Amino acid sequence: MDMNYKPNPEYLVEVNDLKMYFPVKTGLFGRTPLKAADGVSFAIRPGETLGLVGESGCGKTTVGRALIRLYKPTDGDIFFEGKRVDDKSIGGLRKDMQMVFQDPYSSLNPRMTVEDIIGEPLDVHKMYTSREDRRDQILNLMEMVGLNAEHATRYAHEFSGGQRQRIGIARALATKPKFIVCDEAVSALDVSIQAQVINMFEDLQKQLGVAYLFIAHDLLVVHHISHRIAVMYLGKLVETADSDELNANPVHPYTQSLLSAVPHPDPKTAKNSKRIILEGDVPSPLHMPSGCPFRTRCRFATEQCAKEMPQLTDRGNGHMVACWNK
Amino acid sequence: MDKTYDVDQMPKKNPLSLQIDLSKFEKATDEEKKQADVMSESTSFFKDGMRKLRKNPLAMFSIIVLVLIILMITIVPVVVPYSYSDIITVNGKRDKSATNMAPFKYSKMEQQYIDEGGKVFPHIMGTDELGRDYFVRVAYGTRISLLVGVFASVIVLIIGVLYGSIAGYFGGKVDLIMMRIVDIIYSLPDLLMIILLSVVLNEVLKFDGHGILARLGTNMISLFIVFGLLYWVGMARLVRGQILTIKKNEYVLAAQVSGAKSSRIIRRHILPNCISVIIISAALQIPSAIFTESFLSFISLGVKAPMPSLGSLASAARSGITTYTYKLIFPALMIGLITLAFNLLGDGLRDAFDPKLRR
Amino acid sequence: MAEETILSVVDLHTSFTTDKGEVKAVNGISFNLTAGKILGIVGESGSGKSVSAYSIMQILEKNGSIKSGQILYKGEDITKWPESKMRDFRGKRCSIIFQDPMTSLNPVFTIGYQLEEAIKLHTDRRGKEARDRAVEMLELVGVNEPEKRIKQYPFEFSGGMRQRVMIAMALACEPDILIADEPTTALDVTIQAQILELMKDLQAKLGMAIIMVTHDLGVIAQMADEIIVMYGGRVCERGTAEDIFYRPAHEYTKGLLRSIPSVDTMGQRLEPISGTPINLLNMPKGCAFCPRCDAAMKICLEQQPPETRTVDGHLAACWQAIRTEMDAGMVRVEQKA
Chain A
0 MDMNYKPNPE YLVEVNDLKM YFPVKTGLFG RTPLKAADGV SFAIRPGETL
50 GLVGESGCGK TTVGRALIRL YKPTDGDIFF EGKRVDDKSI GGLRKDMQMV
100 FQDPYSSLNP RMTVEDIIGE PLDVHKMYTS REDRRDQILN LMEMVGLNAE
150 HATRYAHEFS GGQRQRIGIA RALATKPKFI VCDEAVSALD VSIQAQVINM
200 FEDLQKQLGV AYLFIAHDLL VVHHISHRIA VMYLGKLVET ADSDELNANP
250 VHPYTQSLLS AVPHPDPKTA KNSKRIILEG DVPSPLHMPS GCPFRTRCRF
300 ATEQCAKEMP QLTDRGNGHM VACWNK
Chain B
0 MDKTYDVDQM PKKNPLSLQI DLSKFEKATD EEKKQADVMS ESTSFFKDGM
50 RKLRKNPLAM FSIIVLVLII LMITIVPVVV PYSYSDIITV NGKRDKSATN
100 MAPFKYSKME QQYIDEGGKV FPHIMGTDEL GRDYFVRVAY GTRISLLVGV
150 FASVIVLIIG VLYGSIAGYF GGKVDLIMMR IVDIIYSLPD LLMIILLSVV
200 LNEVLKFDGH GILARLGTNM ISLFIVFGLL YWVGMARLVR GQILTIKKNE
250 YVLAAQVSGA KSSRIIRRHI LPNCISVIII SAALQIPSAI FTESFLSFIS
300 LGVKAPMPSL GSLASAARSG ITTYTYKLIF PALMIGLITL AFNLLGDGLR
350 DAFDPKLRR
Chain C
0 MAEETILSVV DLHTSFTTDK GEVKAVNGIS FNLTAGKILG IVGESGSGKS
50 VSAYSIMQIL EKNGSIKSGQ ILYKGEDITK WPESKMRDFR GKRCSIIFQD
100 PMTSLNPVFT IGYQLEEAIK LHTDRRGKEA RDRAVEMLEL VGVNEPEKRI
150 KQYPFEFSGG MRQRVMIAMA LACEPDILIA DEPTTALDVT IQAQILELMK
200 DLQAKLGMAI IMVTHDLGVI AQMADEIIVM YGGRVCERGT AEDIFYRPAH
250 EYTKGLLRSI PSVDTMGQRL EPISGTPINL LNMPKGCAFC PRCDAAMKIC
300 LEQQPPETRT VDGHLAACWQ AIRTEMDAGM VRVEQKA
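Protein chains in written order, with numbering that gives the first Met the number 0: chain A, 0 to 325; chain B, 0 to 358; chain C, 0 to 336.
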């Protein structure tokens with residue numbers, strides 16, 4: 000932790016050198032740290048959407064959860080509106096930082112009615128004056144996310160995936176947060192419903208000015224919704240750039256192959272385009288390669304890549320890349 | 000191309016004829032569309048489970064059997080004019096000839112009394128070797144056995160749930176130590192403990208007087224103590240496992256993100272979601288406790304005479320098993336019915352309410 | 000190249016009995032599979048796409064059954080085949096790979112043992128011959144050092160590698176048809192690209208027909224020669240990939256294509272399909288899609304649309320498409336009194 004680190008007041012959320020290690024038992028006595036996030040730094044402005052993409056196991060969910068302190072980070076600094084987020088300050092910040100989860104089935108308590116699920120943050124923070132006020136606030140929230148007020152007394156299992164995700168979003172909005180972590184919030188939904196929810200996220204941002212950390216593996220979705228995108232590979236950020244810049248001009252070899260692997264819903268481009276197909280699998284995070292973690296699958300890998308991890312450097316217009324060869 | 004379907008046989012150019020009302024080609028209104036899209040009826044978890052339970056014939060049969068048994072043990076001692084501990088009296092005189100009678104038979108004294116115009120309540124299950132009405136004794140025995148079963152499972156429920164939820168929710172070192180204690184308790188031989196305890200208690204507590212505990216005897220007390228000391232470990236393990244799985248659900252994380260305290264999370268999120276599994280397991284605990292009690296009474300470590308229990312009745316019936324077979328059949332039938340009904344009901348509850356078996 | 004229909008499904012109905020009533024998962028679908036082509040079945044959850052595939056293999060869950068219709072394999076109706084003959088059909092003539100490569104392999108046996116079992120079951124190869132075939136198949140699906148890997152257990156394989164093993168197992172007996180049920184949904188994009196490439200290569204080499212069941216329009220666009228779009232257990236539209244993506248006629252297909260984010264939609268609003276997915280216990284009388292359709296007409300609510308040839312020459316079941324066809328004089332309408 001760097002106690003002297005001065006946060007930039009322009010940013011709503013600032014993360015500096017975040018490290019999150021989980022001890023994993025290896026053998027009888029050995030414990031190896033699983034480096035789920037290793038030196039991640041980024042910042043989000045008020046009302047902005049930062050997309051965080053990467054493949055499964057790259058640590059994107061861990062970063063999101065450490066950010067709102069569901070996990071206690073091993074090291075690193077997190078600031079919210081210039082205030083350091085730690086065990087002491089988090090209680091007061093809970094109202095301002097919320098989360099929308101991936102699984103619309105396990106993220107809602109099956110024994111609670113919609114009204115009680117959405118009302119829980121209100122109950123916890125005692126944010127109403129009377130029973131009527133509580134109910135009004137809940138009905139307001141339901142309307143905001145496009146749910147029928149008649150359904151307030153129903154149980155979560157009676158709704159479809161898309162509607163359940165709306166309930167989860169209404170719950171996250173209940174305390175009027177300034178920042179929401181969306182962890183694969185649309186990944187489990189069907190295409191037509193996914194589009195509804197994406198539109199809703201965008202509308203809510205315009206209405207309420209809330210900032211998102213949008214974690215997803217679907218590049219098309221992330222590109223659509225984000226202002227800026229950060230690409231993660233094995234616990235490290237490899238490239239961040241404005242959304243269109245990253246899409247038009249990817250620099251890191253991993254980002255390039257990730258973009259080219261996306262199947263576009265267009266038979267002509269899909270069948271004719273030359274794709275860069277990566278060889279092999281992602282290495283286990285318990286046995287990380289030395290130096291740059293991507294070098295085992297990289298076409299351009301040199302000796303230097305094995306020796307030292309490249310730092311994120313600015314290539315103009317805030318396009319940051321961590322690569323020796325590009 | 001191999002044509003198998005009529006549309007494919009349709010020539011590309013020739014028009015297809017349809018009989019349609021052209022006025023129907025108007026735009027539909029939103030109301031009309033809404034009518035085609037209805038949400039199914041609202042049900043709560045409990046209502047849905049009850050509906051499933053009602054459709055399960057075995058579970059419903061068990062409920063009926065249990066209700067009948069409970070009715071029997073409450074009504075019979077009131078209606079039947081005999082006591083479980085006293086020898087039958089006719090017209091104020093002890094009837095020493097009324098021993099080991101077959102069902103619905105009267106002794107000489109009773110027959111005489113009836114001939115004189117008196118009324119005698121029939122011995123539905125006959126009498127025992129001391130001349131006590133067997134029907135009343137079986138009813139009392141059932142009462143005792145059921146009480147022991149319910150009481151034991153309540154003890155198990157309370158200790159197991161408390162212990163298991165503490166270990167499961169706090170996890171880490173707390174969990175590690177608490178579960179090793181459970182492992183140690185698992186390794187203690189339960190029957191040996193009961194026998195030892197009852198011997199010790201017999202020495203220490205000398206009951207005289209008429210309280211219910213005194214009438215049950217020290218054996219029963221040691222049985223309860225052993226249940227309280229040893230039998231909750233299974234329940235504790237179950238509860239801990241449940242809590243560990245529920246804790247991983249995203250709705251618990253969501254409550255943490257909302258800033259909810261541990262007590263609220265346990266109360267609102269964790270307990271309501273494992274309560275059904277706990278109740279099912281407690282229901283299945285009852286027959287097992289009844290079995291243990293019957294077994295102990297059978298090897299004469301059970302209730303103190305003259306208090307009957309189903310096990311002691313069966314044990315007493317052993318001596319005359321060839322001549323008075325019915326005396327073994329009645330209590331054995333009762334034990335069988337009760338344990339079967341509780342087991343079937345527990346299974347039915349599990350099918351209807353266990354969240355793992357439903358989606 | 001002569002086009003031979005290897006499998007045709009005619010008016011297939013499949014239902015499941017649940018305690019809440021009969022769930023009609025597939026409601027009269029028909030299609031033809033041409034030998035050596037890739038047929039894509041695309042639809043959202045609950046559209047009946049997987050159930051259709053399972054119906055062909057007759058591997059439905061216990062409470063599900065084919066209610067009516069025919070499945071003709073080389074002209075023979077396999078729904079009438081006894082189980083013994085179906086066992087031979089599965090694996091030898093037609094194999095399936097599933098979505099989750101993590102649970103499709105038995106963790107207590109080696110990869111080699113499981114592959115050899117599949118080979119021995121359907122061919123006369125025994126002993127060393129079977130082993131050689133297993134190694135050959137692993138090599139074919141791009142597993143490095145197959146002689147060494149064959150002795151390993153599934154947990155030593157990554158998700159992508161396991162899916163390769165599943166493909167090797169499915170193709171070991173050279174089936175005519177390979178059904179792939181969401182084969183890449185559980186995989187990461189870069190691994191998905193590898194597997195899709197592999198499937199195309201293998202198809203070119205071995206010449207089997209593939210039925211590709213997926214919800215991902217991108218995957219379908221990349222893989223399929225012909226596409227069937229399903230909604231609510233019915234076929235909405237079928238045609239070549241170009242027909243479906245560039246000349247959609249059914250309102251659902253149009254809506255689906257509009258709602259995918261793409262490179263061009265950045266900064267614009269998506270146009271989602273409104274409403275909620277269909278409740279299979281409560282099917283509308285008319286077109287299954289009508290409650291969510293912006294262009295729904297009165298007739299859509301009352302009558303199921305028949306499948307007709309669209310102005311572009313592919314097949315669709317949509318009253319809006321029929322209206323266009325009427326205007327083009329392709330459908331003659333007799334006014335009903």
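Treat the hints with caution; some may be incorrect.
Unchecked claim - The calculated DSSO-like cross-link candidates involving lysine-lysine, where the alpha carbons are at most 30 Å apart (straight line), are:
id : chain 1 : residue 1 : chain 2 : residue 2
1  : A       : Lys267    : C       : Lys23
2  : A       : Lys18     : B       : Lys54
3  : B       : Lys23     : C       : Lys23
4  : B       : Lys23     : A       : Lys125
5  : A       : Lys24     : C       : Lys91
6  : C       : Lys253    : A       : Lys267
7  : B       : Lys54     : C       : Lys36
8  : A       : Lys273    : C       : Lys36
9  : A       : Lys94     : B       : Lys246
10 : B       : Lys51     : C       : Lys199
11 : A       : Lys273    : C       : Lys61
12 : A       : Lys270    : C       : Lys284
13 : C       : Lys150    : A       : Lys24
14 : B       : Lys23     : C       : Lys253
15 : A       : Lys87     : A       : Lys177
16 : B       : Lys23     : A       : Lys87
17 : C       : Lys36     : A       : Lys270
18 : B       : Lys246    : A       : Lys125
19 : B       : Lys46     : A       : Lys71
20 : C       : Lys284    : B       : Lys26
21 : B       : Lys46     : C       : Lys73
22 : C       : Lys147    : B       : Lys46
23 : A       : Lys87     : B       : Lys246
To be verified - Reference listing, derived: stretches of chain C covered by chain A, where coverage requires no fewer than 3 residues with Cβ under 8 Å from a Cβ of chain A:
id : stretch
24 : 101-107
25 : 186-197
Hints listed in this document are in silico derivations from the structure and should not be mistaken for laboratory results. It should be emphasised that the depicted structure is a prediction, and the values quoted were computed from it without experimental measurement. Idealized CB from N, CA, C, for every residue including glycine.
Hint-by-hint comparison with the structure:
1. A/Lys267 - C/Lys23: violated, 36 Å
2. A/Lys18 - B/Lys54: Distance ~55 Å between A/Lys18 and B/Lys54 Cα, so the pair is violated.
3. B/Lys23 - C/Lys23: holds, 27 Å
4. B/Lys23 - A/Lys125: Measuring from Cα to Cα gives roughly 55 Å; hence the hint is violated.
5. A/Lys24 - C/Lys91: violated, 44 Å
6. C/Lys253 - A/Lys267: Holds - the C-alpha atoms of A/Lys267 and C/Lys253 are around 18 Å apart, at most 30 Å.
7. B/Lys54 - C/Lys36: Not satisfied, since the Cα-Cα distance of roughly 49 Å exceeds 30 Å.
8. A/Lys273 - C/Lys36: Cα-Cα ~22 Å, so holds.
9. A/Lys94 - B/Lys246: Given that 30 Å is the threshold and the Cα spacing comes to 22 Å, the pair holds.
10. B/Lys51 - C/Lys199: Distance ~48 Å between B/Lys51 and C/Lys199 Cα, so the pair is violated.
11. A/Lys273 - C/Lys61: The given pair, whose Cα atoms are some 45 Å apart, is violated under the 30 Å limit.
12. A/Lys270 - C/Lys284: Roughly 39 Å between the alpha carbons, so the hint for A/Lys270 and C/Lys284 is violated.
13. C/Lys150 - A/Lys24: holds, 26 Å
14. B/Lys23 - C/Lys253: Holds, at roughly 22 Å.
15. A/Lys87 - A/Lys177: Roughly 20 Å between the alpha carbons, so the hint for A/Lys87 and A/Lys177 holds.
16. B/Lys23 - A/Lys87: violated, 67 Å
17. C/Lys36 - A/Lys270: At roughly 15 Å apart (the allowed maximum being 30 Å), A/Lys270 and C/Lys36 satisfy the hint.
18. B/Lys246 - A/Lys125: At roughly 24 Å apart (the allowed maximum being 30 Å), A/Lys125 and B/Lys246 satisfy the hint.
19. B/Lys46 - A/Lys71: violated, 41 Å
20. C/Lys284 - B/Lys26: Holds. C/Lys284 to B/Lys26 sits at ~17 Å (cutoff 30 Å).
21. B/Lys46 - C/Lys73: Not OK: B/Lys46 and C/Lys73 at ~51 Å, beyond 30 Å, violated.
22. C/Lys147 - B/Lys46: violated, 56 Å
23. A/Lys87 - B/Lys246: With a Cα-Cα distance of about 24 Å, the restraint between A/Lys87 and B/Lys246 holds, given a limit of 30 Å.
24. 101-107: violated (count 0)
25. 186-197: Check passed, 9 qualifying residues.
The structure fails hints 1, 2, 4, 5, 7, 10, 11, 12, 16, 19, 21, 22, 24 (numbered hints given earlier, in ascending order).
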